[in-house]
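**Q** Read top to bottom, the protein sequences are chains A and B. Using this note's numbering, the first residue of the first sequence is number 8, and each one after it goes up by one. Using this note's numbering, the first residue of the second sequence is number 12, and each one after it goes up by one.
Just so you know, these hints were derived from the structure itself, not from any lab. Please read these numbers as outputs of a predicted model, since none were measured by experiment. We put the CB at the ideal spot given by N, CA and C, even for glycine. A hint or two may mislead.
Unchecked claim - Calculated lysine to aspartate or glutamate pairs in the DMTMM-like style (CA-CA distance at most 25 Å, straight line):
| id | chain 1 | residue 1 | chain 2 | residue 2 |
| --- | --- | --- | --- | --- |
| 1 | A | Lys59 | B | Glu114 |
| 2 | A | Lys84 | A | Glu70 |
| 3 | A | Lys56 | B | Glu52 |
| 4 | B | Lys82 | B | Glu29 |
| 5 | B | Lys73 | A | Asp101 |
| 6 | A | Lys84 | A | Asp61 |
| 7 | A | Lys56 | B | Asp97 |
| 8 | A | Lys118 | A | Asp101 |
| 9 | B | Lys55 | A | Glu22 |
| 10 | B | Lys73 | B | Glu114 |
| 11 | A | Lys63 | A | Glu15 |
| 12 | B | Lys82 | B | Glu52 |
| 13 | B | Lys38 | A | Glu49 |
| 14 | A | Lys75 | A | Glu49 |
| 15 | A | Lys56 | B | Glu114 |
| 16 | A | Lys75 | B | Glu114 |
| 17 | B | Lys62 | A | Asp101 |
Said to hold, decoys possible - Covered stretches of chain A (chain B as the covering partner; in silico rule of three or more C-beta atoms under 8 Å from a C-beta of chain B):
| id | region |
| --- | --- |
| 18 | 18-31 |
| 19 | 85-91 |
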Amino acid sequence: GNSVTQMEGPVTLSEEAFLTINCTYTATGYPSLFWYVQYPGEGLQLLLKATKADDKGSNKGFEATYRKETTSFHLEKGSVQVSDSAVYFCALKDNAGNMLTFGGGTRLMVKP
Amino acid sequence: NAGVMQNPRHLVRRRGQEARLRCSPMKGHSHVYWYRQLPEEGLKFMVYLQKENIIDESGMPKERFSAEFPKEGPSILRIQQVVRGDSAAYFCASSPTQDRFYEQYFGPGTRLTVT
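With the hints as extra help, turn the sequences into a complete structure.
**A** Structure follows, in structure tokens:
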């Protein structure tokens with residue numbers, strides 16, 4: 008079956024530091040890949056997506072590149088802010104199913 | 012433009028009681044998804060519904076759990092005879108069409124605690 012593995016948190020960074028959150032996946036065929044963000048007390052929000060190999064999704068300074076050869080979709084941001092503190096979820100959807108398969112989430116804490 | 016609404020936000024039930032979780036999708040959305048998040052785990056798909064139809068319930072436990080999305084009113088996830096292992100956060104998401112499944116707008120979740 009499909010699965011998504013994320014690095015465990017929490018990840019604690021100082022403001023303006025570089026962020027990487029690793030995500031690798033197992034799936035048949037060519038899934039679509041996503042990053043969702045959950046701010047405290049809120050539901051998940053779609054942050055960015057990529058639907059085919061070598062696509063780069065980007066939004067709000069965050070980026071992730073769909074790497075078929077390494078089955079990865081790592082999330083990066085060049086300079087984090089305190090307001091980026093949240094839980095980040097990597098997810099995939101294959102072409103056959105109706106559901107998203109999520110990783111366990113990575114909590115990011117950014118200190119001023 | 013109200014987002015996805017879930018209520019209650021927190022629900023405490025004793026073992027053996029019933030839990031009813033409600034989800035009102037975004038206006039204009041006719042597709043609803045339910046996910047469960049156990050402590051320290053990711054979200055796991057439970058069921059996908061359209062108005063008056065269950066499309067995919069492959070993630071639902073075979074017993075005690077049921078879901079509906081009536082023509083009028085919110086979607087309901089019902090758990091009968093709750094056990095401690097049902098304690099989790101339950102998230103609902105809605106999307107406008109099946110093609111735009113990735114535009115799943117999530118509610119804030121209902122945190123169920125079984126004592």
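**Q** Could you run down the list of hints and mark each one as holding or not?
**A** Results of checking the hints against the structure:
no.: 1; hint: Lys59/A x Glu114/B; result: 17 Å, holds
no.: 2; hint: Lys84/A x Glu70/A; result: 6 Å, holds
no.: 3; hint: Lys56/A x Glu52/B; result: 22 Å, holds
no.: 4; hint: Lys82/B x Glu29/B; result: 23 Å, holds
no.: 5; hint: Lys73/B x Asp101/A; result: 24 Å, holds
no.: 6; hint: Lys84/A x Asp61/A; result: 18 Å, holds
no.: 7; hint: Lys56/A x Asp97/B; result: 31 Å, violated
no.: 8; hint: Lys118/A x Asp101/A; result: 37 Å, violated
no.: 9; hint: Lys55/B x Glu22/A; result: 32 Å, violated
no.: 10; hint: Lys73/B x Glu114/B; result: 28 Å, violated
no.: 11; hint: Lys63/A x Glu15/A; result: 23 Å, holds
no.: 12; hint: Lys82/B x Glu52/B; result: 33 Å, violated
no.: 13; hint: Lys38/B x Glu49/A; result: 18 Å, holds
no.: 14; hint: Lys75/A x Glu49/A; result: 32 Å, violated
no.: 15; hint: Lys56/A x Glu114/B; result: 10 Å, holds
no.: 16; hint: Lys75/A x Glu114/B; result: 23 Å, holds
no.: 17; hint: Lys62/B x Asp101/A; result: 24 Å, holds
no.: 18; hint: 18-31; result: violated (count 0)
no.: 19; hint: 85-91; result: violated (count 0)
Hints 7, 8, 9, 10, 12, 14, 18 and 19 from the earlier list are contradicted by this structure; the remaining hints agree with it.
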